[in-house]
Amino acid sequence: AQSVTQPDIHITVSEGASLELRCNYSYGATPYLFWYVQSPGQGLQLLLKYFSGDTLVQGIKGFEAEFKRSQSSFNLRKPSVHWSDAAEYFCALRNNQGGKLIFGQGTELSVKP
Amino acid sequence: GAVVSQHPSWVICKSGTSVKIECRSLDFQATTMFWYRQFPKQSLMLMATSNEGSKATYEQGVEKDKFLINHASLTLSTLTVTSAHPEDSSFYICSAQAGQVNSPLHFGNGTRLTVT
Numbered sequence: 001a002q003s004v005t006q007p008d009i010h011i012t013v014s015e016g017a018s019l020e021l022r023c024n025y026s027y028g029a030t031p032y033l034f035w036y037v038q039s040p041g042q043g044l045q046l047l048l049k050y051f052s053g054d055t056l057v058q059g060i061k062g063f064e065a066e067f068k069r070s071q072s073s074f075n076l077r078k079p080s081v082h083w084s085d086a087a088e089y090f091c092a093l094r095n096n097q098g099g100k101l102i103f104g105q106g107t108e109l110s111v112k113p
Numbered sequence: 001g002a003v004v005s006q007h008p009s010w011v012i013c014k015s016g017t018s019v020k021i022e023c024r025s026l027d028f029q030a031t032t033m034f035w036y037r038q039f040p041k042q043s044l045m046l047m048a049t050s051n052e053g054s055k056a057t058y059e060q061g062v063e064k065d066k067f068l069i070n071h072a073s074l075t076l077s078t079l080t081v082t083s084a085h086p087e088d089s090s091f092y093i094c095s096a097q098a099g100q101v102n103s104p105l106h107f108g109n110g111t112r113l114t115v116t
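Going down the list, the protein sequences come from chains G and S. Once you know that position 22 of the first sequence is 22 in our numbering, the rest is easy, because the numbers rise by one and skip nothing. Once you know that position 64 of the second sequence is 64 in our numbering, the rest is easy, because the numbers rise by one and skip nothing.
Keep in mind that the hints were calculated from the coordinates and are not lab data. Treat the hints loosely; a few may be bogus.
[Unchecked claim] In silico lysine-lysine, DSSO-like type, Cα no more than 27 Å apart, as pairs:
{"hint": "1", "chain 1": "S", "residue 1": "K20", "chain 2": "S", "residue 2": "K66"}
{"hint": "2", "chain 1": "G", "residue 1": "K112", "chain 2": "G", "residue 2": "K61"}
{"hint": "3", "chain 1": "G", "residue 1": "K49", "chain 2": "S", "residue 2": "K41"}
{"hint": "4", "chain 1": "S", "residue 1": "K41", "chain 2": "G", "residue 2": "K61"}
{"hint": "5", "chain 1": "S", "residue 1": "K41", "chain 2": "S", "residue 2": "K64"}
{"hint": "6", "chain 1": "S", "residue 1": "K64", "chain 2": "S", "residue 2": "K20"}
{"hint": "7", "chain 1": "S", "residue 1": "K41", "chain 2": "G", "residue 2": "K112"}
{"hint": "8", "chain 1": "G", "residue 1": "K49", "chain 2": "G", "residue 2": "K68"}
{"hint": "9", "chain 1": "S", "residue 1": "K66", "chain 2": "S", "residue 2": "K55"}
[What the hints assert, rightly or not] Cβ-Cβ distance ranges computed for the label pairs, FRET-style:
{"hint": "10", "chain 1": "S", "residue 1": "H7", "chain 2": "G", "residue 2": "S14", "range": "35 to 43 Å"}
{"hint": "11", "chain 1": "G", "residue 1": "G62", "chain 2": "S", "residue 2": "G16", "range": "42 to 50 Å"}
{"hint": "12", "chain 1": "G", "residue 1": "E15", "chain 2": "S", "residue 2": "K64", "range": "44 to 52 Å"}
Positions of the beta carbon are idealized from the N, C-alpha and C atoms, including for glycine.
Start from the sequences and build out the full structure, keeping to the hints where you can.
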């Protein structure tokens, strides 16, 4: 079965501190993995994606993520968080049989001044 | 970049009435559209996948007679919530894909449905 798990429901970090959001997946083949961000009442914005190749992918807004096959993980990182980064973050896996996305439960990020 | 427009952004309706939500791809042809539902503080749950010109494929547990999906053209898909009940109140989000299976997905801004 295909699934995505985000172990942390809510994380609070101080502005300027580093951030890591965890994502683990279960999939029988090479996964296509994504990180999205959602502001309250809004749709989803793609931060970055991994299809193949370099396991460290760079995204928008200073985010990066590293694909680790041995750990079935695709953690999102940012070296210095800004107050505007406060939002809900979703990790997602793409089913290569039909293109549909399977989302994790989401991690709510709060940023302390 | 590719833009997906979802309308309305919010709607309030009375129990028993039907509500139609539109999802349009503004600058590309969407061969496939996906409809998701999101309850407060929860993740997005896929409701159905629709391909232009064919019947939608519904996920297990989603009532196809209640959530009618039409994808009549390459730029428009609609979701109609029929005989809405308060438990249908949710945030509905569409996403659109052009061309092949691995083409990027573009998301609308969602529709907040409140059934009173």
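message = Name the hints, by number, that the structure is in violation of.
response = none
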